[in-house]
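A.B. asks: Assemble the complex: chain A is given as a structure, and chains B and C must be docked to it using the hints.
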Amino acid sequence: MRKFEERFFKVLMILATIIILGSLFMILVAVVKRGLPAMSWDMVTKIPSGGFYLGKEGGLLNAIVGSLYLVLGSTVLGLIIAIPVVIYINVYLPKKSFLADITRLSADVLFGIPSIVYGAFGFSLMVYFGLKTSLFGGIIAVALLITPILIRSMDEVARLVPKDLKDAALSLGATRYEIIRVVLKQISPGITTAILLSIGRAIGDAASVLFTAGYTDSIPTSLSQPVATLPLAIFFQLSSPIQEVQDRAYAAALILTLIVLALSLAARFYSSKFSKNKI
Amino acid sequence: MIFGTHTKYRVFKDSLARRIMLGLTVFSLLLAVIVGLSLYFKSSSILHEHSLWSLLSGSSWRPFKGEFGFYPFIMGTLWVTAISIFIALPLCILTSIFLSEYAHPYIKKIVFPLIDILAGIPPVVYGVWGILVVVPFISEKLAPHFVEFSSGYSVLAGGIVLAIMIMPLIISILIEIFAAIPKELRDASLSLGATNWQTVKFVVLRKSLPGIVAAIVLAVSRAFGETIAVLMVCGNMSAVPKSVFDSGYPLPALIANNYGEMMSLPLYDSALMLAALILFVIILIFNAASRIILTRIERRFAL
Amino acid sequence: MNTRLLKSENIIASSMNNGKDVFLLEEGAEAQVRTLLLQKTKLDLTAPHISVKNLNVHLQKKHVLKDVNLDIPNKAITCIIGPSGCGKTTLLKTFNRLLEQSVDVKIDGHVFVDGEDIHDKNVEIINIRKKMGLLSQRPCPLPMSIFDNIAYGPRIHGNRNMKELSRLVENYLKAAGLWDEVKDRLHSPANRLSIGQQQRLCLARGLAVEPEIILGDEATSALDPISSKKIEELFVELKRDYSIILVTHTLRQARRIADYVVFMYLGEVIEAGSADEIFNNPQKELTREYISGAFS
Numbered sequence: 001m002r003k004f005e006e007r008f009f010k011v012l013m014i015l016a017t018i019i020i021l022g023s024l025f026m027i028l029v030a031v032v033k034r035g036l037p038a039m040s041w042d043m044v045t046k047i048p049s050g051g052f053y054l055g056k057e058g059g060l061l062n063a064i065v066g067s068l069y070l071v072l073g074s075t076v077l078g079l080i081i082a083i084p085v086v087i088y089i090n091v092y093l094p095k096k097s098f099l100a101d102i103t104r105l106s107a108d109v110l111f112g113i114p115s116i117v118y119g120a121f122g123f124s125l126m127v128y129f130g131l132k133t134s135l136f137g138g139i140i141a142v143a144l145l146i147t148p149i150l151i152r153s154m155d156e157v158a159r160l161v162p163k164d165l166k167d168a169a170l171s172l173g174a175t176r177y178e179i180i181r182v183v184l185k186q187i188s189p190g191i192t193t194a195i196l197l198s199i200g201r202a203i204g205d206a207a208s209v210l211f212t213a214g215y216t217d218s219i220p221t222s223l224s225q226p227v228a229t230l231p232l233a234i235f236f237q238l239s240s241p242i243q244e245v246q247d248r249a250y251a252a253a254l255i256l257t258l259i260v261l262a263l264s265l266a267a268r269f270y271s272s273k274f275s276k277n278k279i
Numbered sequence: 001m002i003f004g005t006h007t008k009y010r011v012f013k014d015s016l017a018r019r020i021m022l023g024l025t026v027f028s029l030l031l032a033v034i035v036g037l038s039l040y041f042k043s044s045s046i047l048h049e050h051s052l053w054s055l056l057s058g059s060s061w062r063p064f065k066g067e068f069g070f071y072p073f074i075m076g077t078l079w080v081t082a083i084s085i086f087i088a089l090p091l092c093i094l095t096s097i098f099l100s101e102y103a104h105p106y107i108k109k110i111v112f113p114l115i116d117i118l119a120g121i122p123p124v125v126y127g128v129w130g131i132l133v134v135v136p137f138i139s140e141k142l143a144p145h146f147v148e149f150s151s152g153y154s155v156l157a158g159g160i161v162l163a164i165m166i167m168p169l170i171i172s173i174l175i176e177i178f179a180a181i182p183k184e185l186r187d188a189s190l191s192l193g194a195t196n197w198q199t200v201k202f203v204v205l206r207k208s209l210p211g212i213v214a215a216i217v218l219a220v221s222r223a224f225g226e227t228i229a230v231l232m233v234c235g236n237m238s239a240v241p242k243s244v245f246d247s248g249y250p251l252p253a254l255i256a257n258n259y260g261e262m263m264s265l266p267l268y269d270s271a272l273m274l275a276a277l278i279l280f281v282i283i284l285i286f287n288a289a290s291r292i293i294l295t296r297i298e299r300r301f302a303l
Numbered sequence: 001m002n003t004r005l006l007k008s009e010n011i012i013a014s015s016m017n018n019g020k021d022v023f024l025l026e027e028g029a030e031a032q033v034r035t036l037l038l039q040k041t042k043l044d045l046t047a048p049h050i051s052v053k054n055l056n057v058h059l060q061k062k063h064v065l066k067d068v069n070l071d072i073p074n075k076a077i078t079c080i081i082g083p084s085g086c087g088k089t090t091l092l093k094t095f096n097r098l099l100e101q102s103v104d105v106k107i108d109g110h111v112f113v114d115g116e117d118i119h120d121k122n123v124e125i126i127n128i129r130k131k132m133g134l135l136s137q138r139p140c141p142l143p144m145s146i147f148d149n150i151a152y153g154p155r156i157h158g159n160r161n162m163k164e165l166s167r168l169v170e171n172y173l174k175a176a177g178l179w180d181e182v183k184d185r186l187h188s189p190a191n192r193l194s195i196g197q198q199q200r201l202c203l204a205r206g207l208a209v210e211p212e213i214i215l216g217d218e219a220t221s222a223l224d225p226i227s228s229k230k231i232e233e234l235f236v237e238l239k240r241d242y243s244i245i246l247v248t249h250t251l252r253q254a255r256r257i258a259d260y261v262v263f264m265y266l267g268e269v270i271e272a273g274s275a276d277e278i279f280n281n282p283q284k285e286l287t288r289e290y291i292s293g294a295f296s
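Chains as they are written, first to last, in this note's numbering: chain A, 1 to 279; chain B, 1 to 303; chain C, 1 to 296.
Just chain A, same shape as in the assembly (with noise of 0.2 Å):
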């Protein structure tokens, strides 16, 4: 009976494993058997023409430089706050302070809240300050959404460093500033990682960007336009009633899995470290 049990549950565990995994399977099987006969060079090469959402000819070259856009912005301006924070918490705090707790606490809560908030915060922030849709707009709220992933994965290498590290450098007379440079060269992989990972959330989020970076046919050639994002031309095109922008919208969630398993296998390659921070 002991037996019995052991192993029913033992195939019952497998079972479920297989299950996980063969979802992931599924879910690139359909991305790829849709997205791979609708790819063409002018997918990546070309804007559409005729209108995103009734033009049948052209290709995605506005999402796909407008993210790229979108990411560099946000994680620049993402960093610029989060390196602060994670040096401000490890070097210049005692080890159990209680400020250091909670802002790990706020990163973690921030973290958790969803992408659609951000958006709305971020548009009514742009309504206050008379702004439109645009480029800018979408850096901000996109900063907002991975802020709180970069501070946290940095701070998971940060707090590994050894206090010995630091003892060193400041016994050598240095001031804690001047150790900083220390500090980030002893996690620098960890910073790569962060980013990496703060880049895949940036790239494949649509509902921060749906009223803060608006949508466009263009490239933007500054901050205050209008600029298309990948998963906002997965998420409007796939609504057209035109077959041929439908397969722009599959060419699109092709690109985009894509790079996001770049991103993901890039990532794993700097830190081999399953960490919950990471999801």
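Short derived list, chain C residues pointing at chain A, Cβ under 10 Å:
hint, residue
1, ASN96
2, VAL103
3, ARG129
4, LYS131
5, LEU134
6, ILE156
7, ARG205
8, GLY206
9, PRO211
No lab work stands behind these hints, which were simulated from the structure alone.
None of these values were measured; they are calculated from a predicted model.
Heads up, the beta-carbon is just placed ideally off N, CA and C, and yes, glycines get one too.
C.D. replies: Positioned in the frame of chain A, the structure of chains B and C alone reads:
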């Protein structure tokens, strides 16, 4: 005294940097407060017109007549969330136990990266999969056995898609919790002649119960807020779903779908902001609670 | 004592003091210098380098240092001995004010270095630390090249001249007896060195900020016997120019190299005196028991 001024300069730089960084840290702390307050101010005008209770319990959503009942949307959210947790939780617990207690390190080495990939897939791609696979499956294969007609765009479809989206989160937390349980406890149970499964059942699961609860709470809050993927497969009809094959209209989808037009109607804008505020507050509380539990667990076992 | 030897000594001394001259020992002279230096230094406690007055330290409400009064002699090796947990390391970290990095610390009393109270408000903490080089239990190279490790101190203290830096690096690597082993790979990462080499690198790095005092926190305990012997020899050479304070719980090491010994027990200084007094004629029963190995 060149040396003296140099030292002073260095000390000045240090204290300047400290102040800037402290400022940014406090800013990051205040961010949640700022978000909450601004959503509250934005939604205050509708709260002046209607009581919160009447908004939450009202079932009629006719913005142009000034009727803002959130009840169908709250129910839509609850349905989708409940279905997703119902599907995801057993699978995740079984998989996590398998990975942490049974699986060969070699298997872990393959499975962990795959789960990471699953976690990284953007919501909109989940939505595409939902439309391509889940929705047709429900309308053609599953629903005909139970109801006369279903388009497939249903709370069930949303629940399934969402279940898969939250699985990586649950699994990663569960594995961490199981890993935190001291090996001595397992050894003690095994040396009393318990089988592997009995050890899991009586020692591992029992010991990690608070952690599992925290993981569920976190997963619920994640499911509450998910927008795009659910929006794409849920049908978005503002009526309370009667079965899993009915359409639903969760709160995040309501916000996302109506943002463009709301500007013309101030109260409409305010109502959607209230929806965002409701999401924000619930998720904030859930998240904070589960994170506090999880940190406690981490600390207790760390000692 | 012949003149050649005297000259080499002077060269060593001057190079250590200002770090500007490259010193080169003639063949054979080095060994002679070493035997000369190995003689125990005469202690002069009329002008102590560090003077501790009524020092009390509480760490997380625990009273870890109790009424410590202590004089550390100038240009000699002082060994602080005692069972683990007696407050040796805490005392050491009070000297260069590293202790303040910990949580919930309360420090009362005075520590005078060169007659200056290090806890005085007007004293700049980085200048105190610059006066003391610290060698920790495990070597802790900074995540950069060998060269940059040594140059780190001079650089932060404002020396940007590359030529001068190269000379300093060579100089101090030589002083730490590491130059010949690393001169061909100065720009490879420091953590590729063996652990013994790393500890000598840390010593050289500490010397490069031109301190007056060297603090060692069980600096040889993580090393193999040969590496730790090398470090010990270096200490003996360096005491010509530096006051060296070592925390150790290997009594044999203290016997070998100490000029002055401080015995601590449960946060109190039980006895302090010349190595000869402490090891051969301790005044306190507790010291006698510890020296004889009754407890450790």
